[in-house]
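Construct all of the structure, not just a fragment, from the sequences and the given hints.
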Amino acid sequence: MRTADRILIFGGIALALFGMLYGLYYAIFAEHQALDKIGGSLATAFVEAADRDSEKSEDALSTYRQTKYNYVRKVDVHSHWIGLAMLMIVLGVVFDEVVFGERVRLVIALAMLAGSVLFPLGVILQTTRAVSLASTLAIAGSGLVILAMAATAVGLMRQSA
Amino acid sequence: MVPARAGDAQAPGRLNKQMAVSTIPANVAGTFSTMGARRLFVFGGIALIAVGMFFGEIFAVFLLRQNGGQTGQALLAAAEAVAAQDPSAAKKAFAQIGDLLEDRGTKVDTHVHMVDAGYLALLLALIQPYLALSAASKKLLAKLFLIGGGVLPVGIFLIHYVGLAYSPIPVIGWASILADSAGAMLIIVLIGQIWGFWNYCRRKYASPTEPELPRERSWERRMLLSGGTVLVLLGFLHGAWYAGVSLYEHENREMVILKDLLNQSASHDTAYSVQAYGMLQAEKAVDIAAHSHVIEFGLLAILLSFVQPFVFLTQTWRRRWVMVLLAGSLTLPIFVLLELKFGLIAGGIADMGGLMVVVALIGMLCGVLRYAGRLDAESGVI
Numbered sequence: 295m296r297t298a299d300r301i302l303i304f305g306g307i308a309l310a311l312f313g314m315l316y317g318l319y320y321a322i323f324a325e326h327q328a329l330d331k332i333g334g335s336l337a338t339a340f341v342e343a344a345d346r347d348s349e350k351s352e353d354a355l356s357t358y359r360q361t362k363y364n365y366v367r368k369v370d371v372h373s374h375w376i377g378l379a380m381l382m383i384v385l386g387v388v389f390d391e392v393v394f395g396e397r398v399r400l401v402i403a404l405a406m407l408a409g410s411v412l413f414p415l416g417v418i419l420q421t422t423r424a425v426s427l428a429s430t431l432a433i434a435g436s437g438l439v440i441l442a443m444a445a446t447a448v449g450l451m452r453q454s455a
Numbered sequence: 099m100v101p102a103r104a105g106d107a108q109a110p111g112r113l114n115k116q117m118a119v120s121t122i123p124a125n126v127a128g129t130f131s132t133m134g135a136r137r138l139f140v141f142g143g144i145a146l147i148a149v150g151m152f153f154g155e156i157f158a159v160f161l162l163r164q165n166g167g168q169t170g171q172a173l174l175a176a177a178e179a180v181a182a183q184d185p186s187a188a189k190k191a192f193a194q195i196g197d198l199l200e201d202r203g204t205k206v207d208t209h210v211h212m213v214d215a216g217y218l219a220l221l222l223a224l225i226q227p228y229l230a231l232s233a234a235s236k237k238l239l240a241k242l243f244l245i246g247g248g249v250l251p252v253g254i255f256l257i258h259y260v261g262l263a264y265s266p267i268p269v270i271g272w273a274s275i276l277a278d279s280a281g282a283m284l285i286i287v288l289i290g291q292i293w294g295f296w297n298y299c300r301r302k303y304a305s306p307t308e309p310e311l312p313r314e315r316s317w318e319r320r321m322l323l324s325g326g327t328v329l330v331l332l333g334f335l336h337g338a339w340y341a342g343v344s345l346y347e348h349e350n351r352e353m354v355i356l357k358d359l360l361n362q363s364a365s366h367d368t369a370y371s372v373q374a375y376g377m378l379q380a381e382k383a384v385d386i387a388a389h390s391h392v393i394e395f396g397l398l399a400i401l402l403s404f405v406q407p408f409v410f411l412t413q414t415w416r417r418r419w420v421m422v423l424l425a426g427s428l429t430l431p432i433f434v435l436l437e438l439k440f441g442l443i444a445g446g447i448a449d450m451g452g453l454m455v456v457v458a459l460i461g462m463l464c465g466v467l468r469y470a471g472r473l474d475a476e477s478g479v480i
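First to last, the protein sequences are chains A and B.
Heads up, the first sequence is in the working numbering, so the first residue is 295 and it goes up one at a time.
Heads up, the second sequence is in the working numbering, so the first residue is 99 and it goes up one at a time.
Be a bit skeptical, because a hint or two may be false.
Lysine to aspartate or glutamate pairs mimicking EDC-like chemistry, simulated, CA-CA at most 16 Å apart [as the list claims (entries may be wrong)]:
hint	chain 1	residue 1	chain 2	residue 2
1	B	Lys190	A	Asp345
2	B	Lys382	B	Glu352
3	B	Lys357	A	Asp353
4	A	Lys362	B	Glu349
5	A	Lys362	B	Glu347
6	B	Lys382	B	Glu347
7	B	Lys190	B	Glu178
8	B	Lys189	A	Asp330
9	B	Lys357	A	Asp347
10	A	Lys368	A	Glu325
Calculated from the structure, these hints are not laboratory results.
Structure, rendered in structure tokens:
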């Protein structure tokens with residue numbers, strides 16, 4: 295097993311483990327509360343509107359928006375970290391069939407690892423105040439993953455030809 | 099099992115029959131020991147994926163659209179309650195919406211977690227040669243993983259039905275506790291696997307601890323590997339497009355519709371906004387479903403390429419299942435995306451695509467079962 299293969303397999307297992315631990319933490323300590331808040335704030339918006347209290351209704355709708363914005367991103371981070379980790383492990387096993395020089399293979403593996411860490415990290419940071427930095431990280435991370443995957447596809451097809 | 103050459107003049111039927119009854123080569127047989135960790139992971143993984151996808155099919159055909167319709171009706175009732183200045187009716191409508199969303203969410207999660215546990219099982223089957231653990235430890239971890247992978251989705255499924263009955267914790271019910279415990283079991287197994295791999299990397303073992311998977315250069319393997327990689331790439335590109343073009347637009351539009359809904363409620367003009375909200379939810383759902391399914395099917399195709407040496411079927415049938423799997427993998431996401439334009443016809447074709455993947459998986463699983471039976475018979479285990 296060569297260095298690039300190890301980076302993908304070892305990095306993938308570590309990322310899957312991290313993603314699962316994050317998911318377990320989120321499920322136990324935050325998800326139920328977030329779901330209650332999403333449902334509760336939307337219901338409150340309608341109840342207050344029925345009471346003709348538009349100010350409280352708008353406040354509740356604003357809470358709904360913010361809570362749902364955070365919830366969607368936190369759940370996406372969990373699924374994307376684990377999904378990308380699984381892909382890395384699979385690619386690690388098949389990576390010796392990617393026909394490029396060792397240096398290029400190493401660059402592809404590092405790009406895949408960096409992208410798989412940074413893309414979800416950028417997404418979760420979008421729930422903080424550093425939105426610009428977060429979006430930059432997410433775009434850069436997803437770009438790295440797409441480029442690494444495209445290079446892998448080319449490498450596999452060269453072998454297949 | 100020597101593959102046919104391109105110019106082979108032998109009758110295909112006779113060659114296939116010969117392949118199906120030939121003796122399993124020793125190098126391949128050594129990678130699939132009786133009830134060893136790898137065999138457990140391969141059987142369990144394919145079974146979990148097939149059952150998880152079949153559950154998803156049942157859910158999509160019989161429950162998903164009905165659930166969406168009921169949710170729309172409940173939202174309309176909430177808006178009408180606002181117009182009628184009846185807060186208690188609005189609360190009641192939202193309690194119903196919450197119940198419907200939990201029903202839908204737990205079923206989607208059941209499907210996703212069962213399929214993903216299957217993927218992870220197939221993945222772990224691949225890395226077994228690189229784990230510096232004893233055969234007994236590997237087998238124990240494999241059993242724990244399959245128990246956890248089976249119990250986790252069952253626990254998630256039960257959350258909606260068990261609720262908080264007899265629960266010692268105010269916000270988490272027994273079904274959630276069951277699901278979280280199974281999730282913890284999967285984490286423990288992964289820690290064991292990473293420990294074994296860490297020891298392997300530290301060169302405690304100079305070579306793989308068991309025979310590596312046979313790397314046959316068959317047509318089936320190449321098709322699954324290349325096709326799977328392209329599917330994953332398509333999914334990434336679609337995801338990037340969705341995040342860049344639609345995600346924020348959908349979030350903003352949802353708020354605009356909800357504000358309209360609350361304002362129009364006073365003037366009894368709600369049907370249009372409820373319909374717009376339903377369409378928005380449908381747009382989000384098809385985008386996310388297409389994105390996740392095309393990537394998962396791509397990953398599945400890559401994983402199944404490794405299992406092909408263990409599919410003990412004639413070459414014709416092996417190729418047939420590969421084509422059915424890849425065709426279904428492409429059909430489902432494309433027609434899910436077309437569902438908004440062409441309605442139930444596209445939805446039905448998408449469901450057929452999913453069914454094609456399930457059938458191909460069951461076909462391959464039958465081949466693996468035949469392989470295991472043949473192997474055990476030859477080695478005198480049975």
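(Q) Next pair to validate is Lys190/B with Glu178/B; report whether the Cα-Cα distance is within 16 Å. (A) Cα-Cα ~12 Å, so holds.
Q) Hey, Lys368/A versus Glu325/A, does the alpha-carbon distance stay inside 16 Å? A) Holds, because 9 Å separates the two Cα atoms, which is no more than 16 Å.
Q: For the pair we were handed, Lys382/B and Glu347/B, check the Cα-Cα distance against 16 Å.
A: With Cα atoms ~11 Å apart, Lys382/B and Glu347/B stay inside 16 Å; holds.
Q. Given the proposed pairing of Lys362/A with Glu347/B, does the C-alpha separation stay at or below 16 Å?
A. 15 Å, holds
Q.
Hint check: Lys357/B vs Asp353/A, CA-CA at most 16 Å. Holds or violated?
A. 12 Å, holds
Q. Do the alpha carbons of Lys382/B and Glu352/B lie within 16 Å of each other, as the hint requires?
A. 11 Å, holds
Q. Given the proposed pairing of Lys357/B with Asp347/A, does the C-alpha separation stay at or below 16 Å?
A. 14 Å, holds
Q: For the pair we were handed, Lys189/B and Asp330/A, check the Cα-Cα distance against 16 Å.
A: Distance of about 14 Å is within 16 Å: holds.
Q.
Next pair to validate is Lys190/B with Asp345/A; report whether the Cα-Cα distance is within 16 Å.
A. This hinted pair holds, its Cα atoms lying about 15 Å apart.
Q. Is it true that the CA of Lys362/A sits at most 16 Å from the CA of Glu349/B?
A. Roughly 9 Å between the alpha carbons, so the hint for Lys362/A and Glu349/B holds.
The structure shown violates none of the earlier numbered hints.
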